[in-house]
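A.B. asks: Listed below, chain by chain, are the residues.
Number of protein chains: 2
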Amino acid sequence: MSAITYKPIGVVHSPFKEPKNVPIQAAASKDTKGTIEVNPEYVEGLKDLEGFSHIILLYHFSSVTGYSLTVKPFLDDKLRGVFATRSPSRPNPIGISIVRLTKIENNILHIQNLDIVDGTPLLDIKPYVPKFDCRRTTEIGWLKSKISKLAKTKS
Amino acid sequence: MSAITYKPIGVVHSPFKEPKNVPIQAAASKDTKGTIEVNPEYVEGLKDLEGFSHIILLYHFSSVTGYSLTVKPFLDDKLRGVFATRSPSRPNPIGISIVRLTKIENNILHIQNLDIVDGTPLLDIKPYVPKFDCRRTTEIGWLKSKISKLAKTKS
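Going down the list, the sequences are from chains A and B. The opening position of the first sequence corresponds to residue 1 in the numbering used here, with each subsequent residue numbered one higher. The opening position of the second sequence corresponds to residue 1 in the numbering used here, with each subsequent residue numbered one higher.
Treat each hint with caution, since some may be false.
It does not matter which identical chain is meant; a pair holds if it fits inside one copy or across any two.
[Stated by the list, open to error] Below 20 Å or equal to it, Euclidean Cα-Cα: the simulated PhoX-like pairs (lysine-lysine) are:
1) LYS72 x LYS103
2) LYS30 x LYS78
3) LYS17 x LYS149
4) LYS131 x LYS30
5) LYS154 x LYS33
6) LYS47 x LYS72
7) LYS17 x LYS30
8) LYS144 x LYS72
9) LYS72 x LYS7
10) LYS20 x LYS149
11) LYS30 x LYS103
12) LYS103 x LYS33
13) LYS17 x LYS154
14) LYS47 x LYS103
To be clear, the hints were calculated from the coordinates, so they are not data collected in a lab.
I would like the entire structure built from these sequences, with the hints used as guidance.
C.D. replies: Okay, here's the thing in structure tokens:
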């Protein structure tokens, strides 16, 4: 299958200057504020976004080099298949975070619940819609006995 | 910012042979079954995934050419900023679907709630975890008055 090339649409500005001590999920990062700087050429695409309280960010884990098919997740001490984890060390290192959108000023999005490293290239922004994006399930595999550690665990 | 290149990790096999009459969200596609064929080189990364009832698929909207910064969503008749919609016609045409995982046989994932066109290149698989991925919000912008049409609307 042929390669797919994307061009970042912007960059994440965050208080986390390196991939250490970062909350391991946006859901565990209640207070961290940051901004998204969208390249001016895409500003028209932000129309109507401000009505959404939460947005989905897709971004490139730019500080990751290479990948492993089995990884030790932050929440566990056993090797797990990388696709059964949210580890950044994946074949295509695309990250996904759901963050709170508080304000848009021209090409700058003000956000909260940030778990992304400063300088991360942004690939896409989508509106978060519970009816599309929420599933009720309790079947969460190996994470079941580990999830209670989420709030206390950092990268 | 420099270009980012990804290599598909597999392909989606679906009863939807073209991007017409496809449910516009996985949440509205309760019964549609399909499979994901993961390239054999990545099979080791699927370890531990079978314990999760739902998975997040990231894929490339390969049938889309070009993009628009404002689009008319399937659920609306007004032009909206593309980043305030889930339209495939986006600068980086990355799609996201949450589907039900029913079985894994070697490199084949059996899934339900499919809203993806046959032959779509797959970029990533992540486990769906409500604690990471569910947000309670009622602020869904322009979609608020349109969401009730979801189940009846197709592409």
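A.B. asks: If a hint holds in the structure, say so; if it does not, say that too.
C.D. replies: Verification of the hints:
Taking identical chains as interchangeable, the C-alpha atoms of LYS72 and LYS103 are never at most 20 Å apart, the minima being 37 Å within one chain and 24 Å between chains. For a Cα distance limit of 20 Å, the shortest separation of LYS30 from LYS78 qualifies neither inside one copy, at 28 Å, nor across copies, at 34 Å. In the homo-oligomer, the alpha carbons of LYS17 and LYS149 never lie at most 20 Å apart, since the shortest distance is 24 Å inside one protomer and 43 Å across protomers. With identical chains, the CA atoms of LYS131 and LYS30 are at most 20 Å apart between copies only, with a shortest distance of 13 Å across copies and 22 Å within one.
In this homomeric assembly, LYS154 and LYS33 come within 20 Å of each other (Cα to Cα) only inside a single copy, at 17 Å, whereas the closest approach across copies is 37 Å. Proximity of LYS47 to LYS72 under the C-alpha cut-off of 20 Å is restricted to the inter-copy arrangement: shortest distance 12 Å between copies versus 41 Å within a copy. In this assembly of identical chains, the alpha carbons of LYS17 and LYS30 lie at most 20 Å apart only when taken from the same copy (18 Å versus 42 Å across copies). In this homomeric assembly, LYS144 and LYS72 come within 20 Å of each other (Cα to Cα) only inside a single copy, at 16 Å, whereas the closest approach across copies is 41 Å.
Within a single copy, LYS72 and LYS7 get their C-alpha atoms no closer than 30 Å, and across copies no closer than 23 Å, so neither meets the 20 Å cut-off. Only within a single protomer do LYS20 and LYS149 lie at most 20 Å apart by alpha-carbon distance; the minimum there is 17 Å, versus 44 Å between protomers. When the C-alpha separation of LYS30 and LYS103 is checked against a cutoff of 20 Å, the pair qualifies only within one copy, where the shortest distance is 16 Å, while the shortest distance between copies is 35 Å. With identical chains, the CA atoms of LYS103 and LYS33 are at most 20 Å apart within one copy only, with a shortest distance of 12 Å there and 40 Å across copies.
Proximity of LYS17 to LYS154 under the C-alpha cut-off of 20 Å is restricted to the intra-copy arrangement: shortest distance 14 Å within a copy versus 43 Å between copies. Taking the closest pair of Cα atoms, LYS47 and LYS103 come within 20 Å of each other only inside a single copy of the chain (12 Å); across copies the shortest separation is 41 Å, beyond that limit.
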